[in-house]
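Engineer: Sequence:
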Amino acid sequence: MLTAASQTDMSGVLWLLVLGFVIAFILAFSVGANDVANSFGTAVGSGVVTMRQACILATIFETVGAILLGAKVSETIRSGIIDVHMYNGSEAVLMAGSISAMFGSAVWQLVASFLKLPISGTHCIVGATIGFSMVARGHQGVKWLELLRIVASWFLSPLLSGIMSAILFYFIRKFILNKEDPVPNGLRALPVFYAVTMGINLFSIMFTGAPMLGFDRLPWWGTLLISLGCALLTALVVWFIVCPRLKKKIKGKYLHNVMFGILKFGLSAGIAVPDLNGSQFHTVHKDSGIYKDLLHKLHLAKVGECMGETGDKPIRRNNSYTSYTMAIYGIHGSLKDGEGSRTGLDGEKRRSRYDSYNSYFTAVTDGEVAAADGGLTVEMGDETVRRDSLEEETDELEIDKPEVATLFQFLQILTACFGSFAHGGNDVSNAIGPLVALWLIYESASVAPSAPTPIWLLLYGGVGICTGLWIWGRRVIQTMGKDLTPITPSSGFSIELASAVTVVVASNIGLPVSTTHCKVGSVVSVGWLRSRKAVDWHLFRNIFIAWFVTVPISGLISAAIMALFYYVILPLT
Numbered sequence: 002m003l004t005a006a007s008q009t010d011m012s013g014v015l016w017l018l019v020l021g022f023v024i025a026f027i028l029a030f031s032v033g034a035n036d037v038a039n040s041f042g043t044a045v046g047s048g049v050v051t052m053r054q055a056c057i058l059a060t061i062f063e064t065v066g067a068i069l070l071g072a073k074v075s076e077t078i079r080s081g082i083i084d085v086h087m088y089n090g091s092e093a094v095l096m097a098g099s100i101s102a103m104f105g106s107a108v109w110q111l112v113a114s115f116l117k118l119p120i121s122g123t124h125c126i127v128g129a130t131i132g133f134s135m136v137a138r139g140h141q142g143v144k145w146l147e148l149l150r151i152v153a154s155w156f157l158s159p160l161l162s163g164i165m166s167a168i169l170f171y172f173i174r175k176f177i178l179n180k181e182d183p184v185p186n187g188l189r190a191l192p193v194f195y196a197v198t199m200g201i202n203l204f205s206i207m208f209t210g211a212p213m214l215g216f217d218r219l220p221w222w223g224t225l226l227i228s229l230g231c232a233l234l235t236a237l238v239v240w241f242i243v244c245p246r247l248k249k250k251i252k253g254k255y256l257h258n259v260m261f262g263i264l265k266f267g268l269s270a271g272i273a274v275p276d277l278n279g280s281q282f283h284t285v286h287k288d289s290g291i292y293k294d295l296l297h298k299l300h301l302a303k304v305g306e307c308m309g310e311t312g313d314k315p316i317r318r319n320n321s322y323t324s325y326t327m328a329i330y331g332i333h334g335s336l337k338d339g340e341g342s343r344t345g346l347d348g349e350k351r352r353s354r355y356d357s358y359n360s361y362f363t364a365v366t367d368g369e370v371a372a373a374d375g376g377l378t379v380e381m382g383d384e385t386v387r388r389d390s391l392e393e394e395t396d397e398l399e400i401d402k403p404e405v406a407t408l409f410q411f412l413q414i415l416t417a418c419f420g421s422f423a424h425g426g427n428d429v430s431n432a433i434g435p436l437v438a439l440w441l442i443y444e445s446a447s448v449a450p451s452a453p454t455p456i457w458l459l460l461y462g463g464v465g466i467c468t469g470l471w472i473w474g475r476r477v478i479q480t481m482g483k484d485l486t487p488i489t490p491s492s493g494f495s496i497e498l499a500s501a502v503t504v505v506v507a508s509n510i511g512l513p514v515s516t517t518h519c520k521v522g523s524v525v526s527v528g529w530l531r532s533r534k535a536v537d538w539h540l541f542r543n544i545f546i547a548w549f550v551t552v553p554i555s556g557l558i559s560a561a562i563m564a565l566f567y568y569v570i571l572p573l574t
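Numbered by this note's numbering, the letters in the sequence shown go through residues 2 to 574 in order.
Don't take every hint at face value.
For lysine-lysine, the following BS3-like pairs were computed, each having C-alpha atoms within a straight-line distance of at most 30 Å [to be verified]:
#, residue 1, residue 2
1, K180, K248
2, K534, K249
3, K248, K175
4, K144, K252
5, K402, K180
6, K402, K248
7, K180, K249
8, K144, K250
9, K250, K402
10, K180, K117
11, K175, K534
12, K175, K402
13, K175, K117
14, K180, K252
15, K249, K117
16, K250, K117
17, K250, K175
18, K144, K402
FYI, nobody ran anything at the bench for these hints, they're computed from the structure.
Using the sequences plus the hints, can you model the full thing?
Structural biologist: What follows is the structure, encoded as structure tokens:
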């Protein structure tokens with residue numbers, strides 16, 4: 002029978018502690034490369050922040066969230082999945098098991114990041130923990146009831162988060178997006194959105210009871226009153242300071258530069274376009290601009306024809322901002338300078354990004370002005386298109402108006418920051434939970450120490466997570482923000498706020514829900530609500546398969562490493 006070092010002398014297992022710190026950093030790196038992308042993926046996809054800005058903001062909020070909220074969930078990961086008392090007198094076995102769990106989780110998350118698939122770090126570490134315990138103590142070491150409770154939360158979290166996001170986006174669309182002039186209602190709603198976002202997250206921070214901030218001495222009613230007071234103050238600041246500035250910005254930037262530039266050409270009448278060689282043309286109208294013709298062309302997979310003679314390959318996804326922008330420029334022949342450059346209406350060559358909301362809006366503006374000046378014709382090919390089918394295609398995809406995007410841009414950034422904060426509190430436990438167990442076992446020579454989670458260990462995990470985001474995070478950001486479904490500032494706000502609320506509430510009750518499942522559930526539900534064709538169901542199927550195999554694969558890898566420790570390495574030490 003294997004026996005650990007005596008409880009009075011743990012120096013013989015110091016090498017396990019050192020190895021554990023190395024593996025834990027690799028695990029934190031993999032969490033950052035895969036999981037952190039969920040926080041800012043939608044913000045990058047909608048174009049409100051750049052990749053660099055997202056990494057900077059995520060670095061700050063992930064680290065702060067890990068320190069303030071991470072300790073509570075680490076307790077669940079550390080001792081809630083298996084019965085650690087079964088390892089009394091065999092501390093070295095439990096330490097080896099923690100290393101095996103971290104290794105199995107890290108390997109599978111790195112593979113998933115390479116495949117650009119967002120998976121659950123919580124799934125990985127729980128599966129890996131069960132894997133090593135099955136090798137060392139068999140099924141008796143696993144708390145199956147606790148595992149069932151956690152598994153149930155994995156299914157409930159995407160469902161609840163998706164429902165919350167869909168409800169929020171439905172009301173935003175009904176009362177703001179679908180209005181002829183969305184600005185008044187949008188400005189009225191902003192104080193409420195900011196107040197709710199601020200109040201919920203502040204309540205979560207204080208209710209968690211971070212000792213370093215003295216929140217552990219606050220009664221629950223004190224926490225509630227402070228949160229409500231801060232929310233009310235936020236609403237007042239937004240109403241009296243932010244809203245007037247936004248209103249002025251919208252009027253100055255869009256109503257003058259765009260509407261005046263279009264209306265002065267008298268778009269109340271259509272622009273006649275001749276019929277050439279039997280091809281069908283459609284008139285460009287004030288209300289639709291080039292939207293209807295363009296969207297129909299995209300749905301008919303005619304993007305390749307829009308590219309003209311430049312040799313550009315057709316865009317794979319027809320509902321991305323990249324394909325919209327390139328198709329618009331290609332229609333009126335301004336993409337002839339090749340990818341990354343375009344020729345403006347004044348003939349000046351400009352550098353352009355084609356994958357953001359701003360580039361899309363700029364392209365639409367150029368196209369509408371060109372149409373008003375008689376310089377734009379939209380060719381539909383030889384197909385006969387009925388008006389009712391054209392309307393149906395248009396109704397299936399909604400894109401924020403420029404003034405709506407302005408209203409929701411900073412709000413989406415704010416919710417993304419809170420989402421990153423929630424992620425730091427929830428998912429740092431996936432990387433640091435086993436390492437905390439290693440450290441406390443080494444310090445106290447006990448398998449069930451009562452000492453709290455050291456703050457510096459949470460900070461160590463936060464640094465590893467941020468490193469993974471900076472080096473390899475853009476792969477999963479591409480999937481979450483662009484490939485799964487197109488994201489706009491308004492839909493991105495709905496996704497971010499609802500998923501953040503779900504994760505933060507779960508963190509406060511010590512339940513390790515999957516941040517990934519919450520975010521993907523919200524993305525898919527809002528995308529489906531916007532348009533059934535807007536969601537890449539093939540990609541979602543691959544993501545779901547990855548979710549399904551995460552627990553067994555990470556468990557098998559962990560079990561293999563644990564078997565090597567248990568039967569080969571530890572008997573020799």
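Engineer: Each hint needs a verdict: does it hold in this structure or not?
Structural biologist: Against the structure, the hints:
1. K180 with K248: holds, 16 Å
2. K534 with K249: violated, 36 Å
3. K248 with K175: At roughly 21 Å apart (the allowed maximum being 30 Å), K175 and K248 satisfy the hint.
4. K144 with K252: violated, 60 Å
5. K402 with K180: holds, 11 Å
6. K402 with K248: The hint holds at about 15 Å.
7. K180 with K249: Holds, at about 20 Å.
8. K144 with K250: Distance of about 57 Å is beyond 30 Å: violated.
9. K250 with K402: holds, 14 Å
10. K180 with K117: violated, 38 Å
11. K175 with K534: Given pair K175, K534 holds - Cα atoms ~20 Å apart, limit 30 Å.
12. K175 with K402: Between K175 and K402 the Cα gap is close to 14 Å, so the pair holds against 30 Å.
13. K175 with K117: Outside the cut-off at roughly 34 Å; violated.
14. K180 with K252: holds, 17 Å
15. K249 with K117: With Cα atoms ~41 Å apart, K249 and K117 exceed 30 Å; violated.
16. K250 with K117: With Cα atoms ~38 Å apart, K250 and K117 exceed 30 Å; violated.
17. K250 with K175: Holds, because 24 Å separates the two Cα atoms, which is no more than 30 Å.
18. K144 with K402: violated, 52 Å
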